[in-house]
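Residue numbers (this note's numbering), protein chains in the order written: chain A, 1 to 139; chain B, 1 to 397; chain C, 1 to 226.
Hints listed in this document are in silico derivations from the structure and should not be mistaken for laboratory results. Some clues are possibly wrong.
[What the hints assert, rightly or not] A short, non-exhaustive set of chain A residues, derived as facing chain B with CB atoms under 7 Å:
#: 1; residue: 101
#: 2; residue: 107
#: 3; residue: 108
#: 4; residue: 111
#: 5; residue: 115
[Claimed, not checked] Covered stretches of chain B, going by a simulated chain A footprint (3 or more residues, C-beta under 8 Å):
#: 6; segment: 70 to 83
#: 7; segment: 330 to 340
As the structure is a computational prediction, the values presented were derived from the model and not from experiment. Glycine included, each C-beta is placed from N, C-alpha and C at the ideal position.
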Amino acid sequence: MKYIGILIIVLALVIGILPQFTDCQSQGRAITTADGKTVPMKCHWTAVAELILAVPLAAIGGMLFFSKRRETRLALSGLGALIGVFVVLIPTTLIGVCASNMMLCNNLMMPTLVLTGILVVAAGLVNGFLAYRSNETMA
Amino acid sequence: MNLTRLALRNIAGNSFRSWVVILCAMLVAGLALATTLVIRGAENSLNLAINRLGADIIVVPEGSETKVEGALLMSTPANVWMPDSVVAKIANVPGVGVVSPQLYLSSMENSPCCSVSNMFLVAYDPTTDFTVEPWLKQKIGSGLNLGESVGGTYVFVPEGEQAIKLYGYYLTLKANIEPTGTGLDQSLFMTFDTASDMARISKTMAVESLIIPENSISAALVRVSPGVNIHDVAVEIFREVPGVLPIESLNMFQAYRQQMNGLLRSNLIILTITWALSVLLIGLVFSMAANERRRELGVLRAMGATRVFVLRSLLMEAGILAVGGGGIGLILTGLVILLFRNLIVQSLGLPFLLPSIPSLITQAAGGLGLAILSVTLAALIPAYRISHTEPAVAMRE
Amino acid sequence: MIQLDNIHRTYILNKDSVVEAVKGVNLIIENGDYIIITGRSGSGKTTLLNLTAGLTRPTSGRVILDGVDLWTLSDRQQSRLRSQKLGFIFQFPSLLPTLNVLENVVLPVIFNDKSDRMAAFERANELLKLVGLESKKDSYPRQLSAGQQQRVVISRALMNQPEILLADEPTSDLDERTEHEIVELISKIHCEKGITIVMVTHTTKLASYGTKAIEMVEGMIKNSSV
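Given these sequences and hints, build the entire structure.
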């Protein structure tokens, strides 16, 4: 069960770091408005949101690694799974990425976030199940 | 207390070894599925593209075969031209039923009109066309009028707009064709009149003008007369019409087929090596497990377990691990291919279409079957050996 | 009744090394006997026990259990006979580590096609009560002392209501006090249930617990006393 904590930390790192290098802003692209100003595209805001989610997720992973109490592990697992759901929803529904499938944010950043989000949810559910089944505090 | 419960407890009790076997099963099943999905997907795409074109023969300017195939399959820009007089010459070749000319143009980069930045524009002659118009009449009840278009699956009208703006010209999107996994998904079909109108408007309204050379076409689609041999007609066209190359649809995309075969070969080599190493590793793991547990298995025999029971017990563990690992491998592979489809297409330079659900289930079952076979085979020898060891010998230190 | 008829067991270690672990032993074990087999290490006593139970094949001679020559039976028939008539207590820790105490005790039931599986857990609880370990039924072997583990093994050995209990140095890893407790328990089982017991031990003072004592020396029975 400790190793699930490590897995969640690794996934949190991917969720937080990868979008910073695969959104259109990092590729030198932005929207130019009529008055000549450049504004970031929505994939940039997705990257920011994912970074915000990644921080507590990494903390949850770390706490899972050290935590011994059954109830704590249950709660952390549930919270982790919930964050995983938002990791998936942000690039697909809540904010989104650019529509063109030639753009890195669409063909690399979004699928990676969806995959890691699903893995976080799975890790949270599995860890929660194991914590629920255990009837003793971990040695 | 039964065989299955015993097997599950043993699996849980040796988590490191169990995870090694699960990982091997994951790899074997996942790789097998990935190979079949990508290769079959590419094959399906190619066949769909040929069906979508609807032609028996496609006649292109000599030397432009690769460009045209690239445009159709991967929507890479292709500005290829030949005089429109070839249409009449082709029509005169014996065995030719219908000839329909087409123009291939490309949009500007990063057009906001579409989910793709680079679009492949195809202009056709509605009076002779035998693919788009009939399909349109079936789908929406009429052909295309001036200013109207049909798009591939990735083409859409931008949010908040009523039409697609290309080269300063507004195009109404009447319908979208079904996905093919090829460049046709990023295509926009319009009539010759619409293309000419767009070119005219673009001179004043667009940042970059659309140039259509006078009296030129890019390709001519040919349907042969019923009962006529396609190859014979193609040979005749090649002989009688200079400066063109007729490509039989069955022979289309040869370069891509060769690439596919090359990919298949390398994937099969990787799969074979992975499979062999996995079987060896799993065999080693089960050998170690059988050795470590030989006293325990000797005790079971003393209590009345038959040799067959001991064998079944170990193979049951192997089977459970194989199904579990194989299942995880299949799910992960399916997810990765589904999510990263576009990246795979761009990296491999091959079109790719996800299979239908029944086909996917068959391919997944094949991958799982291979994983189960591999793990069971690997566990068989150590399991047989320990089950046939005398209990007293097994229990000896 | 078990009859060992001119039993030999020879091990060929390599082409130059042959070990005759049991040489021409004749022994009759009557119903209700409590036989203690003593002897030094390497005297062949464990091999004799294994031969009695059909856990190793004799090089020559016969093992007859209730009138049936064990080695004329198929593996399935032998295994069935073992599960129904024999119970074992081993010298080494023989509980399955991945099962808890109750599951370990119930385990023999899956090999005995005559047993009532529904009543199995109830019987297992009773047996644990007999050995004083009903409170430990959910514990795992690693959570028990050596003496407690042996008591669980005794419960397991009795699970299928065997006619014969075979114990191979059941107290060799135990301290003197625990050894005494285990041997007392086995004696109690012999008295209360009338089960035939064959126990191997290198501790000669335990010979007084049995109805018969046999001393093995270099693969042969040297002394036999009642």
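Comparing the hints with the structure gives:
The beta carbon of residue 101(A) comes within 4 Å of a beta carbon in chain B, closer than 7 Å, and the hint placing it at the interface holds. Of the supplied interface hints, the one on residue 107(A) holds, with its beta-carbon coming within about 4 Å of a beta-carbon of chain B, less than 7 Å. Interface restraint check: residue 108(A) against chain B, minimum CB-CB distance 6 Å, threshold 7 Å, status holds. Annotation: residue 111(A) was flagged as interfacial toward chain B, and the flag holds, the nearest CB pair being 3 Å apart, inside 7 Å.
At about 6 Å, the closest approach between the beta carbon of residue 115(A) and any beta carbon in chain B falls short of 7 Å, and the interface hint on this residue holds. Counting residues of the segment 70 to 83 of chain B whose C-beta lies closer than 8 Å to any C-beta of chain A gives 0; at least three are required, and the coverage claim is violated. A count of 4 residues in the segment 330 to 340 of chain B with a Cβ less than 8 Å from any Cβ of chain A is obtained; the coverage claim is therefore met, three being the minimum.
Violated hint for the displayed structure: number 6, the only one.
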